[in-house]
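J.: Take a look at the letters that make up each chain.
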Amino acid sequence: MHFGPHLLLAALEGLVTSAVLALTALGLSLVFGVMRVVNVAHGEFFMLGAVLAWAISTAISGHPALSFLAALVLAPLIVGLIALVSERLVLRRLNYNPEATIVATIGMLYIIQQLALTFYGPEARPVEPPFSYRILLPWFGYSGYKLSIIAASALLLVATWFVLTRTKIGLVMRATQYDSETAQAFGIPVDRVYAGVFALGAMLAAVAAVLIVPISQAHYLMGQDPLLLSFIVVIIGGLGSLRGTVVAAVLIGLSDGIISVFFSPTLAKIIATLLVAMVLVFRPQGLFGTASR
Amino acid sequence: MKEASPAKAYALHLGVIALLFALSFVLPEYHHGLLARIMVLAVFAMGYNMLFGYVGLLSLGHAMFFSAGLYGAGLAVIHLGWSVPAAFAAGLACGALLALVIGVLALRTSGVAFMIVTMMFAQVFYLIILYFAAWTGGDQGLVVPQSARVLVLGDTSLGLTNPTVRYMSALVLFSIVLLVALVIVRSRYGRVLVAIRENEERTKMLGYDTFSNKLAAVVVSGTICAASGAAYALLFGYVGSTFASVQYSILPLLWVLLGGAATTLGPLIGTLFMYYVVDITSGYTSAYLLIVGIALILLVLFFPRGILGTIRQRWLGWLP
Chain A
51 MHFGPHLLLA
61 ALEGLVTSAV
71 LALTALGLSL
81 VFGVMRVVNV
91 AHGEFFMLGA
101 VLAWAISTAI
111 SGHPALSFLA
121 ALVLAPLIVG
131 LIALVSERLV
141 LRRLNYNPEA
151 TIVATIGMLY
161 IIQQLALTFY
171 GPEARPVEPP
181 FSYRILLPWF
191 GYSGYKLSII
201 AASALLLVAT
211 WFVLTRTKIG
221 LVMRATQYDS
231 ETAQAFGIPV
241 DRVYAGVFAL
251 GAMLAAVAAV
261 LIVPISQAHY
271 LMGQDPLLLS
281 FIVVIIGGLG
291 SLRGTVVAAV
301 LIGLSDGIIS
311 VFFSPTLAKI
321 IATLLVAMVL
331 VFRPQGLFGT
341 ASR
Chain B
9 MKEASPAKAY
19 ALHLGVIALL
29 FALSFVLPEY
39 HHGLLARIMV
49 LAVFAMGYNM
59 LFGYVGLLSL
69 GHAMFFSAGL
79 YGAGLAVIHL
89 GWSVPAAFAA
99 GLACGALLAL
109 VIGVLALRTS
119 GVAFMIVTMM
129 FAQVFYLIIL
139 YFAAWTGGDQ
149 GLVVPQSARV
159 LVLGDTSLGL
169 TNPTVRYMSA
179 LVLFSIVLLV
189 ALVIVRSRYG
199 RVLVAIRENE
209 ERTKMLGYDT
219 FSNKLAAVVV
229 SGTICAASGA
239 AYALLFGYVG
249 STFASVQYSI
259 LPLLWVLLGG
269 AATTLGPLIG
279 TLFMYYVVDI
289 TSGYTSAYLL
299 IVGIALILLV
309 LFFPRGILGT
319 IRQRWLGWLP
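First to last, the protein sequences are chains A and B.
So the first sequence is numbered by this note's numbering: it starts at 51 and just counts up by one.
So the second sequence is numbered by this note's numbering: it starts at 9 and just counts up by one.
Take the hints with a grain of salt, since some may be wrong.
Reference excerpt, derived from the structure (chain A facing chain B, CB under 7 Å, subset only) [what the hints assert, rightly or not]: (1) Pro148; (2) Ile161; (3) Arg224; (4) Ile321; (5) Leu324; (6) Leu325.
Don't read these hints as lab results, they were simulated from the structure.
For clarity, every value in this text was computed on a predicted model and none was experimentally measured.
We put the CB at the ideal spot given by N, CA and C, even for glycine.
Turn these sequences into a full structure, and let the hints steer you where they fit.
T.: Okay, structure coming up:
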């Protein structure tokens with residue numbers, strides 16, 4: 051294959067990564083933006099989404115599209131419920147103290163991971179894609195499902211943007227983010243907003259995982275890379291900024307796809323992680339963010 | 009904090025050291041080996057406590073300092089054929105240098121950003137170990153040959169593989185670090201660190217250079233952790249990338265939280281307790297991470313002060 055088509059393939063793969071990454075990172079960014087909580091267990095909610103998608107799609111027999119659709123609806127709901135319960139039982143009791151919540155979410159990470167290992171097992175299991183249509187380009191055939199991931203993710207991102215900026219729910223969330231005490235004084239149930247945001251963040255990660263699982267595989271350790279990448283995206287994009295998150299996700303996803311075609315993936319990770327750490331050290335508000343209050 | 013009577017505090021610490029010395033002669037073989045390991049890891053926890061307990065800086069990347077000592081000492085023996093004391097010094101130097109560099113960079117941030125930055129630097133360190141697998145052995149790790157693990161003192165040579173020598177070496181390291189920690193904590197410098205933890209702005213206003221005090225604390229903490237890592241490589245003969253993974257940054261945090269942050273003996277108690285809990289439960293289940301996770305959550309929810317912290321608050325106000 052010539053260089054041009056090779057690059058196109060790498061870019062397409064990168065866009066698929068970006069699409070999933072944008073959703074996952076948006077969840078992390080919302081939770082941090084509104085609640086000021088760094089959720090280290092975010093990657094595990096992603097993993098739970100994929101594992102549940104496998105469980106649901108094997109439990110429901112019939113056309114793969116039907117069972118996949120069921121997984122796409124049910125898995126995020128279950129994950130959201132788990133997040134809601136853990137928020138009520140743990141994070142709320144810690145008064146959202148930033149350092150205590152990090153330690154507590156590390157605890158959640160271990161618990162979820164270990165339970166997944168116990169009940170799901172160490173195997174990586176595939177989920178059948180809902181359709182297997184291949185789009186024939188002049189140089190190579192490309193999976194139609196992968197392109198539909200990009201479309202689905204874009205749709206969800208637009209929907210989230212709409213909810214955040216054009217509805218009452220979004221207004222309440224933004225008010226809480228801006229100043230939770232004043233919001234409370236104006237009668238906004240800050241406590242319930244926090245619970246909802248935490249569940250929503252986990253659900254976004256779970257949706258992303260269900261979308262990706264037909265082309266990767268469900269595995270109990272699959273949450274670690276998305277966690278690290280989401281951190282990177284959120285930091286580069288500026289915390290709590292939706293537009294920054296999406297731009298950074300596309301940037302990271304594309305460069306990850308293209309760099310890993312030409313360099314060793316370990317070296318690519320070393321460079322990326324080091325660069326992001328340096329961004330945090332020298333430009334803590336992110337590349338696109340404005341200085342925090 | 010109440011004004012402690014120095015004699016009482018020193019007597020308690022010397023008593024603990026004497027107890028550990030005496031235990032060497034009565035413990036059955038299995039627990040003897042386990043306790044040697046726990047003492048070395050308790051040094052790691054004490055190093056972590058210097059920064060987390062006294063300065064209030066929560067790092068999620070201390071595995072890199074431990075493994076800097078581990079690899080610094082281990083690779084010096086394996087590839088360069090250095091003697092045990094020289095390799096130990098190399099481990100310490102690696103840890104101190106790394107801590108200086110990381111400190112200068114990471115201390116520009118604070119709070120949550122500090123946690124994430126330290127975690128990312130540790131991740132880079134871990135990936136570098138994997139990347140240079142030709143020298144480090146990658147995720148397989150390397151075994152330090154038994155023939156090289158001999159400490160030559162004048163005419164006598166002590167094999168570090170001998171259980172008694174190993175226990176005593178671990179005890180010597182532990183005792184030195186414990187007493188050094190006690191002296192630091194009771195010194196003027198230690199009080200400045202606590203002042204920074206309680207209110208950095210106020211300390212700055214009183215004329216203290218908080219940045220260089222914090223930087224010194226990072227270097228001391230990193231060096232102590234590296235000492236633990238170097239001792240681990242030389243005493244137990246294995247260097248591996250697991251020790252650089254995120255998990256080994258979380259474990260010292262757990263040990264210190266459990267034993268009691270900002271107490272000198274807390275790290276030992278936390279490490280001892282957690283090690284035995286994992287050891288006992290691993291007889292019934294392989295799910296030891298589950299226990300670590302539950303312990304973390306219960307600790308931050310109900311015992312944020314840890315075992316010794318609670319005892320100090322309730323009964324023994326003079327505990328250092």
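J.: It remains to establish, for every hint, whether it holds in the given structure.
T.: How the hints compare with the structure:
| no. | hint | result |
| --- | --- | --- |
| 1 | Pro148 | holds (5 Å) |
| 2 | Ile161 | holds (4 Å) |
| 3 | Arg224 | violated (21 Å) |
| 4 | Ile321 | violated (9 Å) |
| 5 | Leu324 | holds (5 Å) |
| 6 | Leu325 | violated (10 Å) |
The structure is inconsistent with the numbered hints 3, 4, 6, although it conforms to all the rest.
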